[in-house]
Structure formats: structure tokens, C-alpha cells
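K.L.:
Sequence:
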Amino acid sequence: MAAQLADHLGWKLWDHRLTEEIARLANVDPSAVRRCDERMDSRFYRLAKTFWRGSYERSSPLGDQIFDTDRMMSMMEQITQQIAEEGNAVVVGRGTPFFLRNRADAFHVFLYAPRAEKIRRLGEEGHMIEEAEELVEIVDRERIAFIKHYFNADWPTRSLYHLMLNT
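Counting from 1 along the sequence shown, just add 32 to a position and that's the residue number in this note's numbering.
What the hints contain is simulated information worked out from the structure, not anything from laboratory work.
Since we're looking at a predicted model, the values are computed, not measured.
Under the rule of at most 30 Å between Cα atoms (straight-line distance), these lysine-lysine pairs were calculated in the BS3-like manner:
1) LYS180 with LYS44
2) LYS150 with LYS180
3) LYS150 with LYS44
Kindly generate the complete structure, drawing on both the sequences and the hints.
P.N.:
This is how it looks when you write it as C-alpha cells:
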């Protein structure tokens with residue numbers, strides 16, 4: 033839907049392009065950014081990061097820093113603000129409504145589907161029902177934790193959205 037909207041309006045679409053831009057600016061492999069995308073680092077990693085700045089499965093060297101979800105979120109906010117300044121863009125997810133909540137020129141849309149519908153769609157894509165149920169559970173749980181940790185909010189935060197659509 034986002035791609036269709038961007039195409040219809042003649043605006044730039046920032047979906048996977050956003051994570052690719054972060055990877056380019058951070059000089060890391062795009063897979064490092066994708067591993068952090070809308071997920072929190074594990075409790076073990078957060079504890080280890082406190083004591084030691086070594087490598088980790090989700091981390092990539094970035095000078096004297098580590099590329100992890102904290103670094104990604106910092107860059108995400110900066111890039112999202114730049115995109116908003118340029119205007120005429122459709123930005124998908126990744127905390128955008130929180131980063132742009134005070135901008136009068138931003139219109140926030142939340143797309144959702146009931147759990148059973150998500151599972152059905154995954155089944156149509158070839159996933160076994162048990163696998164689809166687990167995948168839906170994992171993704172929702174990760175998003176809830178991500179939003180709680182980085183924005184101290186519940187997911188979805190309905191007050192941020194101008195329009196919510198059941199797809």
C-alpha cells in the first residue's frame with residue numbers, strides 16, 4: 033500500500049531504502065541494519081555491551097563504536113528528520129510517528145490486520161500454519177518490546193495516528 037501511495041502521489045518511498053541509507057552512512061553491511069530493524073538487542077547483549085565493546089552477532093564495527101540497535105535508532109531519527117524537511121515522502125514504520133509526532137505536516141497511518149488474517153496471509157505465502165502462528169507472535173512481541181524500550185510507549189500508540197486501517 034505504501035508503494036502504491038508513493039507512486040500515486042509522485043513521492044519518494046522510504047521503506048527498505050531507509051535501512052539501506054543507514055547502512056551506507058554507517059559504512060556497514062545492510063544485513064547488520066536489517067538485524068536491528070524494529071527489534072531490541074537481547075538482554076545478554078545489552079548487559080555485555082555495558083562491560084565490553086566486542087563484536088556481537090547483530091553488531092558491525094563502526095570506528096570505535098559498535099553498530100547495534102541503539103546506534104541504528106540514533107541514525108534513524110536523524111535521517112527521518114531530514115526526510116521530513118525535504119518533504120513529499122512516504123516513510124514506512126521504524127518509529128517514524130514518534131520521531132515526527134510534533135510536525136504538523138506529517139500524516140501518520142497505521143495499517144493492521146487481525147492475528148488470524150496475518151496467519152492466513154503467511155499460509156498463502158507457503159508457511160505452515162504452526163510456523164505462521166509463531167512468526168506472527170515473534171514479530172508482534174519484538175515490535176511491542178522495541179516501541180516500549182525506545183519510545184516508552186505501547187504499540188500501537190493510537191494517539192499518534194491520524195488514520196488506522198484494517199487491511
